[in-house]
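One-letter residues, chain by chain:
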Amino acid sequence: MQSGHFTPEVVFGLDPMWMSTILLVVVYIVIITERVNRAIIALLGAGLMIQFGVLDQAEAVRGIDFNTIALLTGMMILVSVSRKSGMFQFVAIWSAKKARAEPWRVMLMLSVTTAVLSAFLDNVTTVLLVVPVTLAITKELDVPAYPFLFSEIMASNIGGTATLIGDPPNILIGTQANLSFNEFVVQLTPVIVLVMAAQAAMTHLIWGYKLRASAEAEARVMAMSETDAIQDWRLLKQSLIVLGIAMAAFVLARPLRLEPGTIAMFGAAILMLLDTHEHHPAMQSQRVTQTFNDIEWVTIFFFIGLFVVVHGVEVGGLLRYLAQELVRATGGNKEITAYAILWASAVLSAIIDNIPFVATMIPLIKSMAPAYGGMEHIQPLWWSLSLGACLGGNGTLIGASANLTVAGLADRAGVPFRFWTYTYYAFPMMLVSVAVCQIYVWLRYFYV
Amino acid sequence: MIFGVDPAWVATMILIGVYVLILTEWINRAVIAMLAAGLMIQLGILDEAEAARGIDVDTLALLTGMMLTVAVTAKSGLFQYAAIWSAKKARARPWRVMLMLSLATAVLSALLDNVTVVLLVGPVTLTIAKELELPAYPFLFAEVFASNIGGSATLIGDPPNILIGSQAGLGFNDFVVHVMPVAALVMAVQLLMTHLLWGRRMRAGAAAGARLMAMDERESIQDRKLLLQSLAVLAAILAAFVFADQLRLRPGTIAMFGAAVLMTFDVHGHQATLQSQRVSQIFNEVEWITIFFFIGLFVIVHGVEVTGILGRLARGLVDLTRGDRERAAYVLLWGSAVLSAVLDNIPFVATMIPVVKSAAPAYGGLEAIQPLWWALSLGACLGGNATLVGASANLTVVGLAERAGVPFRFWTYAAYAVPMTALSLAICQVYLWLRYF
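The listed protein sequences derive, respectively, from chains A and B.
Every letter in the first sequence is one number past the one before it in my numbering, and letter 184, counting from 1, is 184.
Every letter in the second sequence is one number past the one before it in my numbering, and letter 423, counting from 1, is 423.
Derived by calculation from the structure, the hints in this document are not laboratory data.
Please note: incorrect hints may appear among the correct ones.
[Unchecked claim] Using C-beta positions, here's what the derived DEER-type ranges look like:
#1 A:S180 <-> B:F172: 56 to 66 Å
#2 A:Q290 <-> B:L103: 31 to 41 Å
#3 B:L103 <-> A:K139: 51 to 61 Å
[Said to hold, decoys possible] Just so you have them, the derived chain A footprint on chain B, three or more residues with Cβ under 8 Å:
#4 18-28
#5 224-231
#6 268-277
These numbers were taken from a predicted model, which means no experiment stands behind them.
Glycine included, C-beta positions come from ideal geometry on N, C-alpha and C.
Chain A extracted, bound-state conformation:
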């Protein structure tokens, strides 16, 4: 994540830090007001970052996280092809019947599944698999999809915090601070279980207890046969095998020395091959084009643009400036530093991508180690950073990749996600979850 030796040369001799910050703010305002489609505004913002000289094209490209883009694209292709087999419908009906068609049970089941999957898989991958099932269930039960999707966003970010491999910030912290998989499990998983429980309680109070499926819908779902939903048995088997291999490869990504993006794209290519190979060339082109058109391009290009804009802010120096101010303001007291890191990274991660922020914070926290008696003694600071950065992403719709992915999928299915209505519920909930973490950090590390 460190930028190279690129020096911004901003037009009109303006300060690159303020220039890039203003651009970021303007882009965010347009995104929030939804005056212009978010893919377009992100691309415009990215282009302006380059034209104002904050970045050149090569540096801008370095800011694009191709692994995330490839992962998103690959998973969207996998989901698009396997959907044709009727697989998601099958899982939806099966699980709705298991939950006896009671919406709150379904919601709880889906949220917990999302959280557990997110702990081991990438959050974006998880929601890409769970959302189609959710949309199918809510349609059958004739209940609004919004509360389900909302609670899945929260669950994916919460679950992702629990392990070293659950979320990119944790991978960064783990590798650069030399913390093992087990340390994350011992230190973070307990508080995450707690946060998840609190989250489920809040969701229940706001939506869960009111959700009722009509008697007919309930009866209809219970009478459905999940096997009838299968459209193409051969494709179903092929999809399951490819998805299974991809999941296994995700979990074993590190020993295999493959990035999730490569795995997803390769899996997508294999499934497309199986889906098209026996047709003649013109028909193959058509099917492949159809699959590519199922990709949520608005989301992909939004990410590309946003990566460049945020990279501009990073190169401009704003993150470094904020991080240094944070360290200076809390100087000397480890407990206060831990809380400041927790809350500041939560609020910042709600607004900007948490990966560059964490990447900027890591060297600064490392540099504090001698003052607190060495690397072993600053462990609470790492956990605060991880909890703040990962959970903070829940605060707004643009706080984490999974949120945007869900919003994109939902938009396409006719379930609009608006910035303010989401933030209205999500931000307070995020504050509650961080408060739970604050108490945990205090009790576990500072309460003698």
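Given the structure of chain A, go ahead and fit chain B onto it with the hints provided.
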């Protein structure tokens, strides 16, 4: 070592396998390129960071940006307008239309990126062919050739020339003086051949011709405001391409930014959900098969390059000539033509430049090897004509044509294109001999 085999050979086998599968068309080319790129990484020939370095993001951004711009512009009816207008100017005579379109393609390609040009001319051509009830294939074929020939004429016409110019210290004017005359000659011969093959036999039906002459091009305009906006954005993009160096902007940035501006014009004022729909629709107009094919191919070629096969080939070529400058020029001309016909010419030229440079003392210094640069440029640019995979513009035309229901098959294309390319190279060989030796 991979299973005890030299990685260079594994990479070469993958490359050959990909080409075989593309030729037989058993598997869609985007799928096979992605699979092979994945194999390159899984077999350890490349790691992910290295593979990503092989992907020319600038080209991809340029392609995507221009495709988006063209997709929005098409909604305004501009291409129909231009098609009807020019077909009427040519009095609905197919050969005149073809000549006009080929020349326009060649001239534009000399100034703009070839891919951009065919993306602009392709839709116009398809519309005219449809109106005149003629097969689009000969038109598109002629345009592929025109774009590569035109591109070879100037420093900025083709990426290999940009590479050669910047790394060998040759200016815009050097290319105009040394390469443009022969490019013009080659173009004239090419037009003659196209005339003999297709042009003289093509007749539009009397009814189609009369109907076309009776058409009013102004009626084809669907949205006047969008038309003006499209024209303004296209003009700004083209101007920015020409002044790209002074603006310190890369073509990819310019095209993507232009596309974003034009999309803003197209969607703003609508409510958020409708905007998403319109934007998704525009994105679906992008030739994703072409884009993903390029991504895969960039990785595969980079894999072959990393293993050093291209370097070995290049050194072999120099050894062949035993220090004779004239022979070296001819070997470069034909060798780079053959390789450019099957490989992407950009990595090949990038590999050849240092080899030629380091061989300069043997041929009498940097001044004396100028003919070698021209030979390399002509071979690499014109060689791309010989097969469908020889140049980006060819593949882009194929993508456009396929979508419009005009199939381009590898072998039927090569059957005409290989002899034509050989002839154009022979002309270059004569030119090099007369002018430099």
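Results for each hint:
| no. | hint | verdict |
| --- | --- | --- |
| 1 | A:S180 <-> B:F172: 56 to 66 Å | 59 Å, holds |
| 2 | A:Q290 <-> B:L103: 31 to 41 Å | 37 Å, holds |
| 3 | B:L103 <-> A:K139: 51 to 61 Å | 57 Å, holds |
| 4 | 18-28 | holds (count 4) |
| 5 | 224-231 | violated (count 0) |
| 6 | 268-277 | holds (count 5) |
Hint compliance for this structure: hint 5 alone is broken.
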